[in-house]
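Novice: Each chain, letter by letter, is given below.
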Amino acid sequence: MNTKNTTLSRTQFQFQPFHLVTPSPWPLLTSFALLILTSAAVMYFNGYANPLGGSGALLVGIGLATTVAAMALWFRDVVAEGTFLGDHTILVQKGITMGVALFIISEVFFFISVFWAFFHSSLSPTVELGAQWPPVGIATINPFELPLLNTILLLSSGATVTYAHHSVIEGNRRGAILGTLMTLVFAILFTICQGIEYVNAGFTIADGVFGSTFFFSTGFHGIHVIIGTAFIAVAFFRMLSYHLTDHHHLGFEASILYWHFVDVVWLFLFITVYWWGS
Amino acid sequence: MAEETVEIKTAPADFRFPSQNQTKHCFTRYFEYHKCLKAKGEISNECEKYAKYYRSLCPLEWIQKWNEQRDQGIFAGPL
Numbered sequence: 001m002n003t004k005n006t007t008l009s010r011t012q013f014q015f016q017p018f019h020l021v022t023p024s025p026w027p028l029l030t031s032f033a034l035l036i037l038t039s040a041a042v043m044y045f046n047g048y049a050n051p052l053g054g055s056g057a058l059l060v061g062i063g064l065a066t067t068v069a070a071m072a073l074w075f076r077d078v079v080a081e082g083t084f085l086g087d088h089t090i091l092v093q094k095g096i097t098m099g100v101a102l103f104i105i106s107e108v109f110f111f112i113s114v115f116w117a118f119f120h121s122s123l124s125p126t127v128e129l130g131a132q133w134p135p136v137g138i139a140t141i142n143p144f145e146l147p148l149l150n151t152i153l154l155l156s157s158g159a160t161v162t163y164a165h166h167s168v169i170e171g172n173r174r175g176a177i178l179g180t181l182m183t184l185v186f187a188i189l190f191t192i193c194q195g196i197e198y199v200n201a202g203f204t205i206a207d208g209v210f211g212s213t214f215f216f217s218t219g220f221h222g223i224h225v226i227i228g229t230a231f232i233a234v235a236f237f238r239m240l241s242y243h244l245t246d247h248h249h250l251g252f253e254a255s256i257l258y259w260h261f262v263d264v265v266w267l268f269l270f271i272t273v274y275w276w277g278s
Numbered sequence: 001m002a003e004e005t006v007e008i009k010t011a012p013a014d015f016r017f018p019s020q021n022q023t024k025h026c027f028t029r030y031f032e033y034h035k036c037l038k039a040k041g042e043i044s045n046e047c048e049k050y051a052k053y054y055r056s057l058c059p060l061e062w063i064q065k066w067n068e069q070r071d072q073g074i075f076a077g078p079l
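Taken in sequence, the protein lines are chains A and B.
So the first sequence is residues 1 to 278, counted in the numbering used here.
So the second sequence is residues 1 to 79, counted in the numbering used here.
None of these hints come from the bench; they were simulated from the model.
Ideal placement from N, C-alpha and C gives every residue a C-beta, glycine not left out.
Be a bit skeptical, because a hint or two may be false.
[Claimed, not checked] Incomplete in silico selection of chain B near chain A, CB under 7 Å:
(1) Lys24
(2) Ala76
(3) Gly77
(4) Pro78
Make the full structure from the sequences, and use the hints.
Specialist: In structure tokens:
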């Protein structure tokens with residue numbers, strides 16, 4: 001009779017519920033990559049050219065590529081540990097969720113500083129701007145054209161990603177895939193529309209403090225949209241590869257939380273920078 | 001002996017500009033004067049009170065700079 005129970009339980013060899021990570025080269029690699037990225041960026045901004053010729057932007061590109069690669073390799077290991085090795089116990093999941101939430105809170109504070117800069121200059125415009133906001137001579141963007149479309153796109157993407165999440169919890173694979181795919185479609189449409197706006201804007205980042213605050217705020221928001229899109233895309237491919245279960249899908253939930261944060265920042269941007277600031 | 005009373009006064013306190021920094025006050029008076037001139041014509045005397053205010057409040061360098069900017073059409077006020 002072949003009834004021997006060969007199932008191994010974690011409690012048979014690990015007497016505490018946490019995840020003690022095995023040695024990994026990725027944190028060190030990431031820190032070196034970030035060092036290259038930040039020092040190259042500082043040199044590029046200050047006009048120190050590449051000694052081999054060029055503006056120094058190449059090294060920034062190299063730094064960016066190595067940072068992205070190091071992050072990808074690190075996250076790949078996290079996926080392996082969680083999905084295939086079973087290291088993500090309930091308590092580990094709780095810890096990861098807290099970590100994601102804290103990271104997003106830190107990003108909120110970054111955006112608070114960006115909005116602070118905008119309000120500092122716009123609430124009491126200087127005489128050099130004609131003591132008015134928008135400053136004299138700036139051709140502002142009509143908030144009820146493309147920006148309104150962008151708002152609808154992001155709000156809709158929030159709805160589709162919520163539908164996808166509920167589908168995952170209910171075990172509805174088709175709904176989950178369609179919902180996530182629609183979210184990605186809306187996200188990419190948003191980025192395309194912002195690109196069109198940027199190209200056709202009547203002012204540049206160099207056009208006084210209006211240009212600076214506008215492109216700084218919308219630009220950093222756009223970077224976060226692209227990061228959020230990539231995050232959801234990774235979750236999408238993992239979903240297709242059957243990594244997610246109806247109870248355990250932290251990467252997907254983290255990407256959704258990040259996406260909602262991006263959406264809320266856009267709503268603030270729309271109301272203050274686009275609407276009030278025009 | 002005729003005594004001439006010399007009247008010395010400056011621009012009145014404007015509740016729109018309550019703080020110590022009166023830059024906006026100076027700019028607003030200068031701008032109001034020129035807006036008034038544009039609306040009522042150069043000869044009219046009604047604009048003179050704004051002129052007195054801005055001449056009291058504003059540093060000469062600023063007045064000269066803004067006059068030059070107006071001549072070149074690059075003045076930063078919505079005239």
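Novice: Starting from the hint list further up, note which numbers the structure goes against and sort them upward.
Specialist: No numbers; nothing is violated.
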